[in-house]
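For reference, the chains in residue letters:
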Amino acid sequence: MDTSRRKFLTYAGVSVLGLAAMPAVDAWASDTPYVVSSKQLKATRWAMVVDTTKLNSEADFAPLIEACHSIHNVPDIPTKQNIKWIWYDERERVFPDDENPYMAEAFEHKNYLLLCNHCFEPPCVRVCPTKATFKREDGIVMMDFHRCIGCRYCMAGCPYGARSFNFMDPRLHLDAAKENKEFPTRTKGVVEKCNFCYERLADGKLPACVEASKGALIFGDLDDPKSEVRKVLKERYSIRRKPSIGTQPNVYYLI
Amino acid sequence: MYDGSKIIVGLLVFVGMMTFPFWNNIGKAAYKTPELKLPPKSVATECVEGKEFMREKHMQLLNDWRDEAVRNGERLYVSQANHKQYQISLQNSCMKCHDNKEEFCDKCHNSASVSPYCWDCHIAPPKKGN
Numbered sequence: 001m002d003t004s005r006r007k008f009l010t011y012a013g014v015s016v017l018g019l020a021a022m023p024a025v026d027a028w029a030s031d032t033p034y035v036v037s038s039k040q041l042k043a044t045r046w047a048m049v050v051d052t053t054k055l056n057s058e059a060d061f062a063p064l065i066e067a068c069h070s071i072h073n074v075p076d077i078p079t080k081q082n083i084k085w086i087w088y089d090e091r092e093r094v095f096p097d098d099e100n101p102y103m104a105e106a107f108e109h110k111n112y113l114l115l116c117n118h119c120f121e122p123p124c125v126r127v128c129p130t131k132a133t134f135k136r137e138d139g140i141v142m143m144d145f146h147r148c149i150g151c152r153y154c155m156a157g158c159p160y161g162a163r164s165f166n167f168m169d170p171r172l173h174l175d176a177a178k179e180n181k182e183f184p185t186r187t188k189g190v191v192e193k194c195n196f197c198y199e200r201l202a203d204g205k206l207p208a209c210v211e212a213s214k215g216a217l218i219f220g221d222l223d224d225p226k227s228e229v230r231k232v233l234k235e236r237y238s239i240r241r242k243p244s245i246g247t248q249p250n251v252y253y254l255i
Numbered sequence: 001m002y003d004g005s006k007i008i009v010g011l012l013v014f015v016g017m018m019t020f021p022f023w024n025n026i027g028k029a030a031y032k033t034p035e036l037k038l039p040p041k042s043v044a045t046e047c048v049e050g051k052e053f054m055r056e057k058h059m060q061l062l063n064d065w066r067d068e069a070v071r072n073g074e075r076l077y078v079s080q081a082n083h084k085q086y087q088i089s090l091q092n093s094c095m096k097c098h099d100n101k102e103e104f105c106d107k108c109h110n111s112a113s114v115s116p117y118c119w120d121c122h123i124a125p126p127k128k129g130n
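For the protein sequence lines, the chains are H and Y, in the order given.
Each residue of the first sequence is one higher than the last, beginning at 1 in the numbering used here.
Each residue of the second sequence is one higher than the last, beginning at 1 in the numbering used here.
I should point out that these hints are in silico values taken from the structure, not numbers from a laboratory.
Because the structure is a prediction, the values reported are computed rather than measured.
In this text, a Cβ means the ideal position worked out from N, Cα and C, and glycines have one as well.
There's no promise every hint is true.
Claimed, not checked - Once the Cα atoms are required to be at most 20 Å apart in a straight line, the calculated SDA-like pairs of lysine to any residue come out as:
1) K84(Y) <-> V36(H)
2) K181(H) <-> K84(Y)
3) K101(Y) <-> T187(H)
4) K42(H) <-> K84(Y)
5) K39(H) <-> Q85(Y)
What the hints assert, rightly or not - Just a few of them, taken from the derived set where beta-carbon distance is under 10 Å, the chain H residues facing chain Y:
6) P33
7) S37
8) E66
9) H69
10) N73
11) F107
12) H109
13) F134
14) R136
15) M142
16) I149
17) K181
18) E182
19) R186
20) D203
Claimed, not checked - Just a sample of chain H residues kept apart from chain Y, beta carbon distances all over 12 Å, derived:
21) T10
22) T32
23) V36
24) P63
25) N111
26) E137
27) L174
28) T185
29) V190
30) E199
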C-alpha cells in the first residue's frame, strides 16, 4: 500500500464532510407535497386520566358515550355483536387482578369507564399481520381500516377487550339521517376501536369524550411534565388496568 | 388427414368463439367516454390538480392521500398546479365540490367496469346535483 498518511487524512476529511451534508440533502430529496396542519395538537405520548369519583351513575357515562359514538358513526347493535369504542363495566371486570373479597361496598359494584388504553407496548400492534393497526409517533394506537383483513388477531391480543368486530354492515344499525357526514362508517369484516379522536386532534380539538366530560376526563401529553395529566397524576392516587402484563396503558384511573 | 372433417369443424367452432366479441359488436355504436358532470363554476373553478392529471392519476393521488393522512398524519396537500393547500379528505374535500357521486364517480367507473370500494365505508354526500 502506498497510501500516504496525508492522503488518508484528506479522504477521511472529505468523507466526514459528506456525512455532515447528508441531512441537508435528505431534506431536499424528501420534499413531498404533504404537510402537517398547523392546527395539529402535538405530543409524544397522549394519555387520558379518568376521574372515577366524578363518574358514578349511568347518567354520568351516557353523554360521553353518546358524544363519541355519534361523531364516529358507531352503531348500537342490540346483540353480542355490538360495537363499542367507549363503554363502562363493573369493577371485577375492569380490575380483575384486584381480588379483595372484602372490598368497600361503594367500590364493590362500581362502574368504570372503559376505552382503548392506547398502550405504550400494544400487543394488538405486535400481532397484526398487515400492520393495519399501528402506533403513531404521538402514542395513539391507530386503525387503518383500508388494510384490515378482519383476522381478529388483535382482538385476541388485546387484554382489555377494547376491540369490536363488524360481523355485519354497520350501516344496517345506523340512522342515515343522523350519520356524521364528515367521518366514515366502517364496513363488514373489519375490527374497530377508539382512536383517541386523532381526526379532532388534527383539527386542534380535544377528544369528543373529554369535551363532553365536564372535567371528569383529562387529556394531555404524558411526556410533558407541565401537562395537565402529569399535574393531576402527581397530586392524586391513580391505577391502571392489568399493570402486571406490561402493556403500559396510557389511560389512568383516579380512585 | 385423419378425421379431417372433425378437425375442421372443431377449428371453425374455435375461431368462431374466439372472435365472438368482434362480430357480436359489429354495427353497434362505438365506445364513448362518458361525459362527466363537473361542479358549476359558482361552486369551484379548479380542482386540486389539473384536469389531465386528475383524469389519469386520481387513483394514485387518492391512494397517496389515504396513506399520508391515515398512516403519516399529514393531512394537508399542497397542489402542484396552483400551490394552494387542501385538506386531505375524500368526504370533506373531494365530495364537497363533486357532490354527486352518481354523475361524477359512478358514470365512468360503471362504464369502465371498475368497482372501487370507497363507499363501503365513506359516506357519499346526499343527492342534490351540482
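Going through the hints against the structure:
For the given pair, K84(Y) sits about 14 Å from V36(H) by alpha-carbon distance, which is consistent with the 20 Å threshold. Between K181(H) and K84(Y) the CA atoms are separated by roughly 25 Å; this puts the pair beyond 20 Å, and the hint is violated. For the hint linking K101(Y) to T187(H), the alpha-carbon distance of about 19 Å falls within 20 Å, and the restraint holds. Between K42(H) and K84(Y) the CA atoms are separated by roughly 24 Å; this puts the pair beyond 20 Å, and the hint is violated.
Among the hinted pairs, K39(H) with Q85(Y) is consistent with the structure: their alpha-carbon atoms are about 14 Å apart, no more than 20 Å. The restraint placing P33(H) at the interface with chain Y holds, with a minimum CB-CB distance near 4 Å, inside the 10 Å limit. Evaluation of the S37(H) hint against chain Y yields a held restraint, the C-beta minimum of about 5 Å falling below 10 Å. The interface hint given for E66(H) is broken, as the beta carbon of that residue sits about 19 Å from the closest beta carbon of chain Y, more than 10 Å.
Annotation: H69(H) was flagged as interfacial toward chain Y, and the flag is violated, the nearest CB pair being 16 Å apart, outside 10 Å. Annotation: N73(H) was flagged as interfacial toward chain Y, and the flag holds, the nearest CB pair being 8 Å apart, inside 10 Å. Residue-level restraint check for F107(H) is violated (minimum Cβ-Cβ distance to chain Y is 39 Å; threshold 10 Å). Checking H109(H) against chain Y: minimum C-beta separation of about 38 Å lies over 10 Å; hint violated.
Restraint check, F134(H) versus chain Y: the minimum CB separation of about 7 Å is within 10 Å; hint holds. For R136(H), the interface hint holds, the least distance from its beta-carbon to any beta-carbon of chain Y being 6 Å, beneath 10 Å. Taking 10 Å as the C-beta cut-off, the interface hint given for M142(H) holds, the closest approach to chain Y being about 7 Å. Given the 10 Å rule on beta carbons, the hint for I149(H) is violated: about 13 Å separates it from the nearest Cβ of chain Y.
Nearest Cβ of chain Y to the Cβ of K181(H): about 5 Å, under the 10 Å cut. The hint holds. Annotation: interface hint on E182(H) holds; nearest CB of chain Y at approximately 5 Å, less than 10 Å. Taking 10 Å as the C-beta cut-off, the interface hint given for R186(H) holds, the closest approach to chain Y being about 6 Å. A least Cβ separation of about 9 Å between D203(H) and chain Y falls short of the 10 Å threshold, and the interface hint therefore holds.
Every C-beta of chain Y lies more than 12 Å from that of T10(H), the closest at about 41 Å, which supports listing it as non-interface. Annotated as non-interface, T32(H) brings its C-beta within 12 Å of a C-beta of chain Y; the closest such distance is 8 Å. The claim that V36(H) lies off the interface is violated: its Cβ sits roughly 5 Å from the closest Cβ of chain Y, which falls inside the 12 Å cut-off. A cut-off of 12 Å between C-beta atoms confirms that P63(H) is not in contact with chain Y; the least separation is 24 Å.
No Cβ of chain Y approaches the Cβ of N111(H) within 12 Å, the least distance being about 32 Å, so the stated non-interface status holds. Its beta-carbon lying about 8 Å from the closest one in chain Y, E137(H) breaks the requirement of being farther than 12 Å from that chain. Here L174(H) does not stay apart from chain Y, with its beta-carbon only about 10 Å from theirs, under the 12 Å limit. For T185(H), the non-interface assignment is contradicted: its Cβ lies about 6 Å from the closest Cβ of chain Y, within the 12 Å cut-off.
Its beta-carbon lying about 8 Å from the closest one in chain Y, V190(H) breaks the requirement of being farther than 12 Å from that chain. Once the 12 Å rule is applied to beta carbons, E199(H) is inconsistent with being away from chain Y; the minimum gap is 8 Å.
The structure is inconsistent with the numbered hints 2, 4, 8, 9, 11, 12, 16, 22, 23, 26, 27, 28, 29 and 30, although it conforms to all the rest.
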